[in-house]
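Residue numbers (this note's numbering), protein chains in the order written: chain P, 4 to 256; chain V, 4 to 256; chain Y, 4 to 256; chain S, 4 to 256; chain G, 4 to 256; chain U, 4 to 256; chain A, 4 to 256; chain W, 4 to 256.
Warning: the hint list may mix true and false statements.
To be verified - Sample of chain Y residues facing chain P (criterion: CB under 10 Å; computed from the structure):
| id | residue |
| --- | --- |
| 1 | Y39 |
| 2 | Y57 |
| 3 | A59 |
| 4 | G60 |
| 5 | Q65 |
| 6 | R85 |
| 7 | S205 |
| 8 | G213 |
| 9 | M215 |
| 10 | L218 |
| 11 | V232 |
| 12 | N233 |
| 13 | N236 |
To be verified - Which bits of chain U does chain W cover? Going by a derived footprint, with three or more residues having C-beta under 8 Å, they are:
| id | region |
| --- | --- |
| 14 | 131 to 143 |
| 15 | 191 to 202 |
| 16 | 214 to 221 |
No lab work stands behind these hints: they were computed from the structure. Backbone N, C-alpha and C fix where the C-beta goes; we use that ideal spot for every residue, glycine too.
Number of protein chains: 8
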Amino acid sequence: MNEDIESLLEKVRQGTVSIEEASLRLRKAPFVDLGYAKVDTQRSLRQGVPEVIYGAGKTAEQILGITKVLSADSDRPVLITRLDAEKAKSLQEQLPLTYYPDGRIGLVGEFPKPDGIGTILVLSAGTSDRPVAEEAVLTARALGNEVKAFHDVGVAGLHRLLAHLDDMMEATVIIAIAGMEGALASVVGGLVSCPVIAVPTSIGYGAAFGGMTALCSMLNSCASGVSVVNIDNGFGAAYQASLINHVKGDVRK
Amino acid sequence: MNEDIESLLEKVRQGTVSIEEASLRLRKAPFVDLGYAKVDTQRSLRQGVPEVIYGAGKTAEQILGITKVLSADSDRPVLITRLDAEKAKSLQEQLPLTYYPDGRIGLVGEFPKPDGIGTILVLSAGTSDRPVAEEAVLTARALGNEVKAFHDVGVAGLHRLLAHLDDMMEATVIIAIAGMEGALASVVGGLVSCPVIAVPTSIGYGAAFGGMTALCSMLNSCASGVSVVNIDNGFGAAYQASLINHVKGDVRK
Amino acid sequence: MNEDIESLLEKVRQGTVSIEEASLRLRKAPFVDLGYAKVDTQRSLRQGVPEVIYGAGKTAEQILGITKVLSADSDRPVLITRLDAEKAKSLQEQLPLTYYPDGRIGLVGEFPKPDGIGTILVLSAGTSDRPVAEEAVLTARALGNEVKAFHDVGVAGLHRLLAHLDDMMEATVIIAIAGMEGALASVVGGLVSCPVIAVPTSIGYGAAFGGMTALCSMLNSCASGVSVVNIDNGFGAAYQASLINHVKGDVRK
Amino acid sequence: MNEDIESLLEKVRQGTVSIEEASLRLRKAPFVDLGYAKVDTQRSLRQGVPEVIYGAGKTAEQILGITKVLSADSDRPVLITRLDAEKAKSLQEQLPLTYYPDGRIGLVGEFPKPDGIGTILVLSAGTSDRPVAEEAVLTARALGNEVKAFHDVGVAGLHRLLAHLDDMMEATVIIAIAGMEGALASVVGGLVSCPVIAVPTSIGYGAAFGGMTALCSMLNSCASGVSVVNIDNGFGAAYQASLINHVKGDVRK
Amino acid sequence: MNEDIESLLEKVRQGTVSIEEASLRLRKAPFVDLGYAKVDTQRSLRQGVPEVIYGAGKTAEQILGITKVLSADSDRPVLITRLDAEKAKSLQEQLPLTYYPDGRIGLVGEFPKPDGIGTILVLSAGTSDRPVAEEAVLTARALGNEVKAFHDVGVAGLHRLLAHLDDMMEATVIIAIAGMEGALASVVGGLVSCPVIAVPTSIGYGAAFGGMTALCSMLNSCASGVSVVNIDNGFGAAYQASLINHVKGDVRK
Amino acid sequence: MNEDIESLLEKVRQGTVSIEEASLRLRKAPFVDLGYAKVDTQRSLRQGVPEVIYGAGKTAEQILGITKVLSADSDRPVLITRLDAEKAKSLQEQLPLTYYPDGRIGLVGEFPKPDGIGTILVLSAGTSDRPVAEEAVLTARALGNEVKAFHDVGVAGLHRLLAHLDDMMEATVIIAIAGMEGALASVVGGLVSCPVIAVPTSIGYGAAFGGMTALCSMLNSCASGVSVVNIDNGFGAAYQASLINHVKGDVRK
Amino acid sequence: MNEDIESLLEKVRQGTVSIEEASLRLRKAPFVDLGYAKVDTQRSLRQGVPEVIYGAGKTAEQILGITKVLSADSDRPVLITRLDAEKAKSLQEQLPLTYYPDGRIGLVGEFPKPDGIGTILVLSAGTSDRPVAEEAVLTARALGNEVKAFHDVGVAGLHRLLAHLDDMMEATVIIAIAGMEGALASVVGGLVSCPVIAVPTSIGYGAAFGGMTALCSMLNSCASGVSVVNIDNGFGAAYQASLINHVKGDVRK
Amino acid sequence: MNEDIESLLEKVRQGTVSIEEASLRLRKAPFVDLGYAKVDTQRSLRQGVPEVIYGAGKTAEQILGITKVLSADSDRPVLITRLDAEKAKSLQEQLPLTYYPDGRIGLVGEFPKPDGIGTILVLSAGTSDRPVAEEAVLTARALGNEVKAFHDVGVAGLHRLLAHLDDMMEATVIIAIAGMEGALASVVGGLVSCPVIAVPTSIGYGAAFGGMTALCSMLNSCASGVSVVNIDNGFGAAYQASLINHVKGDVRK
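Can you make the complete structure from the sequences, with help from the hints?
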């Protein structure tokens, strides 16, 4: 951004850009205003990834509008998360959208080729945690990562988890997904030496408090190297894992 | 109690006990009223164990008074929990009390010979959980149990826990003590086939919420066979474990 | 497990098992991977009881698949908890499943003969706590226990509870189920000398907080010998009670 | 108050009170403004009882000032609650104050003769609940009530409570005081047909949450006829009980 | 109860009642066991009021069964609370039940003649608090009380409340019902000298927390003489108010 | 109000108003009692704005009744908030009501001409916060304010917010609306020197706790000059903003 | 800020400021970096008020350093909040600081002449709320406001509050301060037509939850025109009130 | 670990290690048991970093013992966190320990040479967040990272933060530390394209809830690429950041 400012100022000095125009550009950052949303058309430049649309609070019409702006601007895929089947169907009438019901994910375009440092490993504790795991897997793939996933590896059956010890040892980042008491994050965190992103899920009842117990449990992990995202936020974990898997010495160089 | 009622009624019919007296006895259960406390002198009969004095909310004088009544009535040991060093010192001037500072336990009398079915195994996750573990160990011993204990076996270093797998397999009851995320209960519960009593501790900070996270975590254990007592309640866990270790087909026979 | 390791190692030394194979066996514990679930076919060996299927987060198809694997492997019954009527009906088309709607329990196979030490007594406070009580009763029976149950014996009508004092005195373990203020656990705990497993229920409104008040109340029971399971977890209480009712001196001998 | 308005207006019509004066009187209700406090000198008229001084948030100087105004105005006793020993000592140098350390109560003047309908019965569950019970007992006496009290009658030892069944049956109002799980309120409420005022106390640890568990427990009492005051509010319970013990058909007649 | 015991014992001494029988009677208190409920047929004797049926957790069939037992035993009315319209309609086919939809109350029999000391005044803060107010009004009437009620008198329009100052001054007990911030209880409590029973309601949104804010607010009322019942518990407030309005010096005389 | 009292008293002195009548008027403040509601017909005089009807807890019939009373009394518009589409449709059959579905607002009458000091600026963080923003915009307009609004200006895309810096600098009051972490309030509060009214919304999931996180976040804003209203309370923010935008040196002069 | 950008760009075009320099100035906003703090020397320009130092988390040395920078830069007073007596004393050795212990406020310089639109009225409910009220009063004065204050006007003694109705009617902004149930905000909000800033205090015990009950209560005020600041935040309320009392049509003109 | 198992099995086959011995080694992982702690002497091998000692719950003696074992085994530095000044002083008598009081960190040995991919940038919002920031900085350095840090860059003074935009753009990982409303994480997360580890601090009062508000706020960050650690856990953030800064494609290769 700094360089942009300097090049703009250079143009002002040369007189090729007027002061008013420069002032405007400085304040009006590059986005398309649809009224209901300001679509960030240069985000892939600034953050290295395409705009992701959080589908939960938006109508099919709004999602369609945003997707069109984004598609016009770039040939990278557009990822729509928390997309229910009904909206997906309605969107498919106007967009070449592939819908993944297990992870409630829609994708316009193709999954890119993996270009990360290594592999992201997704581990989920129980069968019911699957949707969150799918959201993480699909997001990570859409962001250009090699992904492996194992399900139903909760700590109550430790041997099921340990059966995947090799994959755990080889992973670049691990996403550990669990509801109920969320102990998976601590056990995994204690076994490996790569970063672990823990995702609490809302699975459980009673004193599970909709994922709050798993969340607090993971924040208190007795293993080092574990950080946590919001309840059921498979997308957020994958996004963070992807950033880690693409990490660079000096991002701007 | 039923038999007592019937035998009392038999005496009424025989005229050896008056109606007024019988009515009185039925309502006035056997305790000594010290004003500040009603000491239950027949509890060891009714519940099979000596009265335990919860020392936290009582003055040294009150504890002394209660202990004297209990000692007069029985030759079983008197256990005083949550006893701070100062009160212990003051009590020792008047009572043959042995004080265990690590578990904040005072004992008047000797530890009885173990007479339980098997062994109670106490596992604690971290060095800081030690006081709760000591409370559990001493309580269990005072209640007539064979006890084994291993400390610092939290799940972040799984190999430390698995090193004691044999003892875990052989235990009759296990007390699993952990603060922070309390994952120890789930991992232990998944490995063994005996009852596990989980004790959350107040160890941790931030989102540990003084033990609430460990408590809820343990209540949501994905392993079956785990029940839970209050935060830091090493005594309660040991008491329950001792009942289990002395369990009988028909308690009254 | 230790013995298995030793016998495996013995075979390695004798050369009947290759090193690679042994390594594989050590890490690949015995379960069947269905993709959506890893079914533990040797759990009845390791833990002495059949696999129990938690039906709440699974589709009828998934339950069917898991049940088939388990049935193939053993002739012990398969217990499916939190099974709604619709899924039960769908399963009955393919399985000899008996459905108990009050406790939302499905059973494939017969209830085994009771082989426990004594009797498990289930007490529930109000009419609305019945479903949780049924879950406990059926689970305990499926795990091979003699079970008695009394309903609507909450402490507001103390005489209703005391009418069952004999049964309470004779029980080996008591499961005390109550919503609202959960006082039943404390009163029962004060009367008996066997272990009491308390189950808070979500019955109540306002400051009952969906069972949280009963849960905390039970954790703070002024009676010793009470431990607690999660809200509405009739299954967990029965499982723990059954372990207690089958307790042994040295489980491995 | 209505009558006062009418009589004031009558005087306006007669010209004996000017409009400005009447307006002033209507708005300026009768209290003495000490700057740090507005002392209500006619409250005993309006509410039938003397001003009670809540001592917790006030300096000895402020308490002294308020007491002097109140004493000047009436010969009824002045009750100071939540008064610590140090302030009490300081006040005693200037006032004929009797200090009751157990209930942290100071009294200037004599306890009045009981003039209520019947007896207020104070029941407390444990030895540690004593201070709250004393606050209730002394407050009730200061407000002109016959009071009886029994301590250490918690539900874990039901026979201790039932020993006082006669007194419970004869009471006009019962104040039930308990910490931990607060079950006393429900058991008492189920046994009697008089109003029960429940006082949760902050006694307990862990999931007792400083009295919150007892509070919610009492609010969810399965017995009818129980209402609740704030945690540790022995004064408030006694005040309410005294109003009940002095209840009239038409207060203004 | 004491007298019953003595008279029973007298019969034992005379030989007209056998010991076994007496023992049975002592333990088997007078209720009819319907399996799903133990109906307390002598409660009106013991507590002076008819059994009230809490309709929320019961099927129409269960309510019908309980009502029949109660009606057979007494000619006092039977009150069914939290009764939805559908169940009411189904009950009306078999019972002479009058249904009050505003308060979700069903009544079998007639409202009794008021026989209390004075009048119960019900005040509710907003239009949306009406159902809780109706539950209180109808309950109080069913329990034999003179009742007055004013609605929409919340403290934001103080003049609306003060318009009823005369009625407030003359009441024997006041029930103050409010959601949101529940300030009505404090303002009313400061104006009157009779007991105030406060009922928080679940009306409000956001930080109202389903009535928890109003509940805590009322428990912290800066006015003395206020006690509180559970959220939306109009029945409980009326029950307590009725006990107060029928209070006696010595209940047993 | 003071002046009214004096003028009323003057009339009493002159004999043009009787004492009884004056007493009545003093206590019976000016409202029309519809039974289910007391409609405040002079509120626009006392508070300078028309009565606003909170539609959420009221039936269409009740809203209709209240609107009629208010319309009869004044020619200022009547604002109905939290009005769902169905009730709006039903009301439109009997009233000239304009319905704004985005903000769930109904308006009877015209928006008044803005007569405030300056402009109210409404900023909302995300597309999903729009309904709350609309409620604020429409309320502010109905109360006579010039309003500007920008949506989707959350802090994750700082440039979108800074694009409106000029409008922020020129505003008289700013309403900052955000769910999730509610950071918008702090960033805006740090940039401007006018009062900021923050509105947390219930948008978000997991640890957003239905708006509680945004609420607490805004209350802890590290920027000065921010005050907060209840979750989703766009109306309340606009009402407060309008009061500020119409603020006067001495309201009564 | 916009104008600054334009004038800076103008200088770039004229060549009097180099591009590098301009870029630097744009990013390096005007503050002095002390290492432990970045002191904002131009904040009084940007926000119209002097820097206020929050004293709670800072050492006396740090406060001294910041004050010196601020004093060097401006002749407006420096306000230090949450300043304990000890630090104040230490600061007074090096600075001409006036310390107000009741409000824990230090002031370097003189209170400015009031230049606001009208008067800020501070109302506090109880004697214990005084420190928060003092913080508000002193802050408001330091920010150039005419301030009035009345203490001990809680709603339990409504006449004490109504005695100040005239002042309430004439105020430009009201700050309503209350702990416990916080009802003062609702009652005041219902009486006046100026903005009310509510300050919950941590006064109270038990279910007061350290001010949380008052906070939620105020957020749910049934009166419109009330907004809320953090618990005990007298400073924040006064800051907001001062902004309101100095509000302008277009801040930048 | 797999390779270890294979090589051990190889030795078994060759007969150089007995079966019993092999079984033992498999179960007894490499740690030194001090009784109060099991010190993990091979952790630096397994996890690539030295053992870190959490000092908070340990006595100086225990810390000394653990440090000695660790130092004997390796020449990498030993890091002791949450070490108070008193214990540090006591340790320095026996160990060459350097103590950093600001971050409560003790270091035995030298900071290693940075060997990470790039730079870790530590940003803290307020002066009071400094201790947590220091813990993060020192931990990151001890784990072999290049570290930069800027303090007092909270979002209320956006220009202070933006002054460091270049450093933010160039960082490999950013640690964002803030208390109160924790908005720093969202603003930073929206500006950069590297992973952000957010650390909530316990700084704040009232509705800050000891850091809970900042924690939840950060978990709900509207910016992607933010994960969170426990309150005040500067160590945990630095540990995770260091793992990211040393991330590898296949950790085991």
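Each hint, compared with the structure:
1. Y39: Holds, because the Cβ-Cβ distance from Y:Y39 to chain P comes to roughly 5 Å (cut-off 10 Å).
2. Y57: At about 8 Å, which falls below the 10 Å cut-off, the nearest Cβ of chain P leaves the hint on Y:Y57 intact, so it holds.
3. A59: holds (8 Å)
4. G60: Holds: closest Cβ of chain P sits about 3 Å from Y:G60, inside 10 Å.
5. Q65: holds (7 Å)
6. R85: holds (9 Å)
7. S205: Constraint on Y:S205 satisfied, holds at 7 Å.
8. G213: holds (8 Å)
9. M215: holds (7 Å)
10. L218: holds (6 Å)
11. V232: holds (9 Å)
12. N233: Cβ of Y:N233 sits 4 Å from chain P, so the hint holds.
13. N236: holds (7 Å)
14. 131 to 143: violated (count 0)
15. 191 to 202: Holds, because 3 residues of the region 191 to 202 of chain U bring their Cβ atoms closer than 8 Å to Cβ atoms of chain W.
16. 214 to 221: With 7 residues close enough to chain W, the hint holds.
Hint check: a violation occurs at hint 14 only; the rest are consistent with the structure.
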